[in-house]
Structure formats: C-alpha cells, structure tokens
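Turn these sequences into a full structure, and let the hints steer you where they fit.
Residue numbers (the working numbering), protein chains in the order written: chain C, 1 to 166; chain Y, 1001 to 1395; chain S, 2001 to 2110.
Wrong hints could be hidden among the right ones.
[What the hints assert, rightly or not] If you anchor each label on the Cβ, the simulated ranges turn out as follows: (1) S:Gly2064 x C:Met96: 36 to 44 Å; (2) Y:Asn1140 x C:Pro95: 33 to 41 Å; (3) S:Glu2101 x Y:Val1013: 48 to 56 Å.
[To be verified] Quick partial rundown of chain C residues pointing at chain Y, CB under 7 Å, derived from the structure: (4) Glu50; (5) Met54; (6) Val66; (7) Met73; (8) Leu149; (9) Ile150.
Source of the hints: derived by calculation from the structure; they are not laboratory data.
All C-beta atoms in this analysis are idealised placements derived from N, C-alpha and C, irrespective of residue type, glycine included.
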Amino acid sequence: MDSILFLIFAAIAVGCGLNLVLQTHPISSALSLVGVMGSLAVLYLLLGGEFIAMAQLIVYAGAIMVLFIFVIMLLNAGGERRGRKRLWAPWAGAPMVAAIIGIGAYLIQRAAPRTAEVTFGAFQHGNPSDIGTNLFENYVLPFEITSILILIAIVGAIVLARKEIE
Amino acid sequence: MNFLILSLIKAAVVAFVLMTTLAYLQWIERKVIAHIQLRVGPRRVGPHGLLQPLADVIKLLTKEDLLPSHVNKVFYFLAPFIAVFFALIAISVIPFGTEVNLGPVHTAMQLTDLNIGVLFILGLSGMGVYGVALAGWASNNKYALLGGLRSSAQMISYELPTALAIAAPLLMLNTLSFRQLVEAQSGYYLGFIPRWTIFQGPVPQLVSFILFGIAAFAETNRVPFDLPEAENELVAGFHTEYSSMKFAAFFMAEYANMVTVSCVATLLFLGGWQPLWPAQYGSNFLPTAMFLAGAALCFYHGFHPARSFDRITLPAAGVVFLGIAVVFLIPPVAAVLLPLFWFAAKVGFILFVYIWVRGTLPRFRYDQLMRFAWTFMFPVAVANLFLTGLAVALS
Amino acid sequence: MPPLPAVIHGPAPLSWYLILSAVLFALGAAGFLFRRNIITVFMSIELMLNAVNLSFIAFSYKLGRNDGHIFSFFVMVVAAAEAAVGLAIILTVFKNRQTLEIDEVSSLKN
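See the structure below:
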C-alpha cells in the first residue's frame, strides 16, 4: 500500500514538475508548483512528518504560492514570448537532464542501503510536540536568527515596494 | 474491510446531512434576513417556503451553462471544483458528538480523528483561496480580476489573526486533535460554570474568540467583509462570469466554509458538545423542553391561524416537534442525541450570528478592511497570545 | 484479482524517495536554466528547495530523528522571506521596465 501511494503521488509530483518547466504562462507553472507541493505534503505524511506536511500546506502552498499567484495576477503580463535564437537549447538540454537524472538515480539506488524501507507509522517523532521540543531545546539560536531574517525581509519588501527608482 | 464499509457509511451520512444543511441554511438565511427587514421571505414553494431550496437546486441545474468567450478554459472549469473541494473536505476532521454504539458497532461521530486536525483545517482554509483567485483571473473580466485580487490579499491578511487567535486556546489545552480539545474542556468550575475555553483559566479566551469570529467573516467572504463580491462596485466579483452549476459550486463553497468555521469555533472555544450547565441541574431535559415549547407554540398558532394554510401546516409541525421531544427522553437514543443537540445548538447559534450580522452591518471599504486587519486585529491577537503564553508558563 | 507484484504491494524503498527528490531537483534546475520569465525562474528555485526538503525528511526517517524536519522548516521560513523580497524586486523591475523577460533586463551587459 505504501508503494502504491508513493507511486501515485510521485507521479503527480513529477507530472506537475514537468508541467512547471514546460508551460509558458507563469500562472500554469504556479499551479503546477502547488500540485507538486500538495503531493509532497502527502509524501511527508507517508514518511511520518505530520507537522511538516501541514506546514508545507499552510506556509508553502497556502501563503507563498498565493503570493506568487497574487503577483502574477497583479502584473498580468501574459505568457512568455518565443526566444529568437535558442530554439535548439531545450532539445539539446532535455536529453542531458534525462541523462543526469538517470545517473543520479542509479547512484542513489546503488548507494542506498537495500534494507531501508518506508512504512507508514514507523516514524513517530514528526508530531508537533516533538518538533517543538527539539526546536526550542536544541535549535533556539537558529530559530531566533530566522525571525530576524524574516524581519529584514519584511522591511526590505516594504522599502522595495514604496521606493520610486529614478 | 469492516472499517472501510463503516467509513463509507459514515461519509455518506455526513455528506447527506451536510448537503441538506447547506441547502436549508440558505433558506434560513433568506427567512431571517427577511424578518430583520420586516418582510416575510420565501413562502411560495411549499409550506412557509420550505421547498424553496429544492426549487433553487432544480433551477440552477437546468439553467444554461454559459461559457464566456476569451476565458482561460482550463482554469475557468477548475476554479469552482477547487473551491468546493477544499470547502467540503474540511468537514472530515470535525467531530459532531461522542460515540455511537449500535449493537456490535462502536464508532466515533466523526469521519477521522487526526492528531493534527486543527492544522489540517488551517491548511485547507489556506488552499481555498485558489478557487476564488483563479476564478477571478480565468474569467478575463476586470471586475472578476479585481474580486480575485481583493480576495487573495484579504485571505492572506486575515489568516494571520485567525492562526494567532487559534493558537491561544491551543496553548492552554495542549493538543491539536479536535476530540481531545473537547474532552479537555469538560467539567465545571464551582459546579456550574463550564470549563469551555472562553471561561477556562488561567486566561479566559474571550478575546481570541471574538478575534476568530471577526476573522472568520473575512475568511468566508461574508458581510461586512464581502469585498471580493461587493455587488455595487464589482457586479458580482470573482463569480461574475459564472452561471448554472459552476455558480452554485461557489455558493455551496461559501456556505460550507461558514459551517466549517462555525464548527471550529464551537470546538475550540465553546466546548464542542459539552452542555452549558451540568446534567444534575437538568441540562439533559433542555431539548425536550425546547421541542415541547415549540410544539405548544405551533399548536397555539395552528388553532388561531393568521393564514388559512396555517390550520394544517402548523399542527403538523407541532406533532413532529412532539415526536422529537419524546425521542430525547429514550435513554439509549438520548445518549447519542444529547451531545449532537448541544453541538448543533452552538453551531446554529454562530450561524445565526452570521446571518444577523449580514442583516445589520454595512460593508467595509477596502482600505478600512486592510487597516483593521493589520493595525487592530494583528496586534491584539499577538498581545493575547503573549498574555496566554505567559499565564500558561507561570501556572 | 491477480496478486500484485511484491514490489508494488510492500513498503516503498527509501531510495525511491531520494530518486524522486533528485528528479524534482533536476526539473527545477532545468526550469531555472530554460525559462526566461522571472517569476517562472523564481518558482523553479522553489521547486529545488522543495526537492531538498523531501530528502531532508527521507533522511530524517532513516535516522529516526526529527532534526531533518526542523531543517526543512527553516528552509520554508527562508523561502517565505525570499518570496517576499524577490516578488517585491520583480514588482519594481516590472514597474520600471514593463517586462518580465530576464534577457531584456540586461543594462549591465555592455
């Protein structure tokens, strides 16, 4: 059952990822990315990461991607125009990407231990209370630093949005 | 396999009840708004307009499904499905009552009890915005686009106070599963004050309940925050170009979101199915008394009819109420129905407040809406969360 | 119904998750290189971050500790900050140049 679920959602993720790269209109790409994120959230659940799956839905799919879609709708700049000279680039690049993926997959398959298998429910430390305990006991400093990073980002975004560049 | 069959039956029951509720919620809304505005509301179809929802469904199903030119077809068709999917699936983690024991079958009155139920609802509410935003964008209409833009900005802004308001009671109750949340709110102070989160120590969560309530109006695009579909500025906002069943899908999503938000408010703040006062003071007889009073009222007006058809319809309703009142006295049935009654009563009260507000308040202006979220709701929610955290840490 | 092959029916090997992560990362890199719309390029970066998160979670499963979850949580936070600043920059670029093509934003080239 774990394998079936994995295969279904991996297929959705790869399909949406391909769509992201191939679509010319940014809003199609954005929705494909939401699809990738949703199926990755399900895979996180299979791996026992309940908290991170929901954080993925709330933060990534629910906030960051809505911001992307908001900006795309606001600019409403339409699809990408065809390039003048680089028509050959995708045709040369696609086999290379496929080759890199193939080699990578082979290496991972060789290097990964044969016995490592993922069973739903075997990993029990992904619940919010365990994550919180670890986060606030061992990772307090990084946590505080990210909060400062967020603050800087907010200030930067406001400055950029207000400033009129000559 | 038993689990599978049981789940399917429960899903079917929940879906049927939810759909009926959604249809009749609209009838109730029209009736209540009508009475607030000194009208009588729908009463042509069936007695007191009770068959109006059915007529509406038939009308929406048989209307022509227009496809405007120049729309982005894929997203135009996808948007209502996204909206209705994320609105309906949220009900799957909501518990409605304690347990049903029918002979060999023991099952909780809930589709599934996730240990991250609250986060699940938050995640789904975040995804719901895609339906509205896409509908606005795909319609290729400036009013629809403005409605979609407004709604995405509004929903992102109000998600912050919502999440912060939800976090405060969670700090006190220390769980994310809805069932355990309700169980943590059982019991009474001094024998009669319920330990619901809005009354519970160390910090009664009245402030976050009000904040959650206000933010819920914005999250569900209801008056006074229905800017995405403000009809006197934007025609109909994001669903301007939608007709027939696709329009009905948005309509259904809005009402389903209302029901979900009311359920979440009930479970988080109002103690779920915990009665308002303890059973030894007779809270178990409240439904019987209420339905008896309803029956008496129906019989009285039936025998002193204001309109000719009241002579038949009101006594009939009275007999139904009498039957329900008797059912609540049968002990094994009452054990199931009483929690359900308290849950439904609280959810119904919140839904009534929704309708009441719609009949009372004017719409905000868009800048007022945003200023309200960022300069009032957000700081108050942060302060409340801070205070609650401090009190929980010290106690 | 014929019995499903054991490979399909049993638990998924951990390496499948890592391969999926590699595939998604490669797709993100390809999008980053091929696409010329700034927003799509930006989204390809997000796809790569997501792929990395998947391997964090997968390794965390293997090690039986949740530190990987915390790393990916930090990645999400950084991605949120990056999206806020990046989209603000994109808005400014569009305001000044009325284009989202990265090839046309090339005033430093000559």
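Problem - Satisfaction of the C:Ile150 interface hint, Cβ to chain Y closer than 7 Å - result: violated (13 Å)
Practice task
Note whether the CB distance of Y:Asn1140 and C:Pro95 lies within 33 to 41 Å or breaks it.
Solution key: holds (38 Å)
Problem - Minimum beta-carbon distance criterion (7 Å), C:Glu50 to chain Y - result: C:Glu50 check passes; min Cβ-Cβ to chain Y is 5 Å, inside 7 Å.
Exercise for the section: Answer holds if the nearest beta-carbon of chain Y is closer than 7 Å to that of C:Val66; otherwise answer violated. Expected result: holds (6 Å)
Problem - Hint check, C:Met73 versus chain Y [nearest Cβ-Cβ separation less than 7 Å] - result: holds (5 Å)
Handout entry: Distance restraint hint 36 to 44 Å, applied to the beta-carbon atoms of S:Gly2064 and C:Met96
Key = Roughly 37 Å apart at Cβ, these two residues keep to the hinted range, so it holds.
Problem - Outcome of range test on Cβ distance (S:Glu2101, Y:Val1013; 48 to 56 Å) - result: Distance hint for S:Glu2101, Y:Val1013 holds at roughly 55 Å.
Practice task
Under 7 Å, Cβ to Cβ, is where C:Met54 needs to be relative to chain Y, so tell me if that hint holds or is violated.
Solution key: Where the cut-off is 7 Å and the nearest Cβ of chain Y is about 4 Å from C:Met54, the hint holds.
Problem - chain Y contact restraint for C:Leu149 - C-beta distance below 7 Å - result: violated (18 Å)
Checked against the numbered hints given earlier, this structure breaks hints 8 and 9; the rest are met.
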